[in-house]
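Asker: Sequence:
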Amino acid sequence: MSQEPKFVHIVDMDVQKLLSLEPRSWDFISQLQPKVGLVERVHEGRDFGDLMSIIQDCKENSEGAVKGENGHSIFSKKLNKKQDTKKPKIAIVGTGPSGLFAALVLAELGADVTLIERGQPVEKRGRDIGSLIVRRILESESNFCFGEGGAGTWSDGKLVTRIGRNSGSVIAVMKTLVQFGANKKILIDGKPHLGTDRLVPLLRNFRRHLQDLGVTIKFGTRVDDLHIEDGHVLGVMVSESADELRLRSQKLECDAVILAVGHSARDVYQMLLTHNVELLQRDFAVGLRIEHPQELINRIQYAELASEVCRGRGKVPVADYKLANYIDKNDFNESSDSNVENRSCYSFCMCPGGQVSILLLLAY
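Just so we're aligned: the sequence shown equals residues 1 to 364 in the working numbering.
Hints should not be assumed to be uniformly reliable.
[Unchecked claim] Below are the EDC-like pairs computed for lysine to aspartate or glutamate, each with C-alpha atoms no more than 20 Å apart in a straight line:
id	residue 1	residue 2
1	175	197
2	87	255
3	218	128
4	218	243
5	87	112
6	185	320
7	315	4
8	86	253
9	158	189
10	175	57
11	322	4
12	185	50
13	158	320
14	124	197
15	251	229
Since the hints were derived computationally from the structure, they do not count as laboratory data. Keep in mind that this is a model prediction, so the values were computed, not measured.
Construct the complete structure from the given sequences, taking the supplied hints into account.
Answerer: Shown next as structure tokens:
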């Protein structure tokens with residue numbers, strides 16, 4: 001039996017300003033019943049701009065710092081208005097969100113940035129993915145996992161932090177994406193979703209801005225090794241992605257390297273192990289995913305409002321859900337084994353209205 005859908009809205013409320021405008025509003029405020037853990041105190045001066053404007057403020061500020069929510073400087077080092085004669089040369093590997101934003105901030109601050117991507121720009125990457133879906137032809141270096149924008153460009157595109165209220169740094173990133181063409185709705189949506197249709201032109205705009213800042217972007221270029229002397233990284237060895245045997249590797253000199261390679265560049269992690277780089281293991285979450293007709297989930301979640309859903313462009317968003325279950329170790333038959341721990345299982349994150357795709361990296 002379907003129930004009436006309930007919608008939850010999170011709002012920021014400045015009680016002092018509200019009372020100064022309308023003293024009688026206290027009658028309403030006094031009736032609010034805050035729930036422990038769900039109410040967050042908003043710090044004063046919580047008006048964050050996009051990253052470009054924040055950096056510009058840093059440059060114009062005599063102290064060279066912009067304060068964040070906790071009173072700490074967003075940039076730890078003070079910025080001098082007078083730039084050094086020699087720009088630091090930074091090589092950034094990967095054009096996913098981390099690599100792109102690292103390149104943006106460093107280039108805005110005046111660094112000489114080279115952005116290296118083993119995959120292809122979104123124009124060619126889109127054609128390669130089309131070949132995979134329609135004709136089952138796999139480009140091992142240009143697919144759902146490799147290429148401009150990272151793995152989320154054609155597979156998801158959601159911007160969910162899962163930490164409650166978005167912090168000032170997250171808001172700055174959201175506003176930056178809006179500057180490059182994202183829908184302004186992501187600034188207020190509880191589950192912001194860019195969508196591939198908007199991500200492709202957004203990434204083009206992002207790329208053009210980086211190039212205008214002087215960033216060198218090398219697509220179809222794979223990092224084969226690090227050039228290290230006396231424990232210091234002096235550059236990276238790169239080759240064309242099409243050169244599978246890595247016979248024509250060249251050295252790209254730099255002062256520092258940022259590896260933003262994502263989860264699929266396993267060869268990079270293997271290479272780091274050969275240099276005795278300490279790698280920290282990250283917890284790996286395993287979930288289950290069930291494929292349902294979207295119309296069914298809409299009816300279950302929205303009841304009579306299901307008809308208002310129109311492929312994410314209707315009055316209500318495409319419905320989603322998440323299931324989780326806690327399993328006590330005492331429920332296991334082998335509960336006497338002290339090694340058995342309490343566990344939780346859950347359904348993996350959804351891409352409402354999406355389709356199941358093949359995420360191959362190697363042709364077999």
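Asker: Please go over all the hints and tell whether each is borne out by the structure.
Answerer: These are the hints, each one checked on the structure:
This hinted pair checks out: residue 175 and residue 197 have alpha carbons roughly 19 Å apart, not beyond 20 Å. For the suggested pair residue 87 and residue 255, the alpha carbons sit about 10 Å apart, so the restraint of at most 20 Å is met. Straight-line distance between C-alpha atoms of residue 218 and residue 128 comes to about 18 Å, which keeps the hinted pair within the 20 Å bound. For the given pair, residue 218 sits about 15 Å from residue 243 by alpha-carbon distance, which is consistent with the 20 Å threshold.
With a C-alpha separation of about 6 Å, the suggested pair residue 87 and residue 112 falls inside the 20 Å cut-off, and the hint holds. Of the pairs offered as hints, the one joining residue 185 and residue 320 holds, with about 18 Å between alpha carbons and a cut-off of 20 Å not exceeded. This hinted pair checks out: residue 315 and residue 4 have alpha carbons roughly 16 Å apart, not beyond 20 Å. Our distance criterion of 20 Å between C-alpha atoms is met by residue 86 and residue 253, whose separation comes to about 14 Å.
Proximity of residue 158 to residue 189 is assessed by CA-CA distance (about 11 Å); at most 20 Å being required, the pair is judged to hold. The hinted pair formed by residue 175 and residue 57 meets the criterion: a straight-line CA distance of about 15 Å does not exceed 20 Å. With a C-alpha separation of about 18 Å, the suggested pairing of residue 322 with residue 4 holds against the 20 Å cut-off. With a CA separation close to 15 Å, the supplied pair residue 185 and residue 50 stays within the 20 Å bound.
In summary, the hint linking residue 158 to residue 320 is supported, as the alpha carbons are separated by about 13 Å, within the 20 Å threshold. The suggested pairing of residue 124 with residue 197 holds, with an alpha-carbon distance near 15 Å, which does not exceed 20 Å. Between residue 251 and residue 229 the alpha-carbon distance is near 13 Å, which keeps this suggested pair within the 20 Å criterion.
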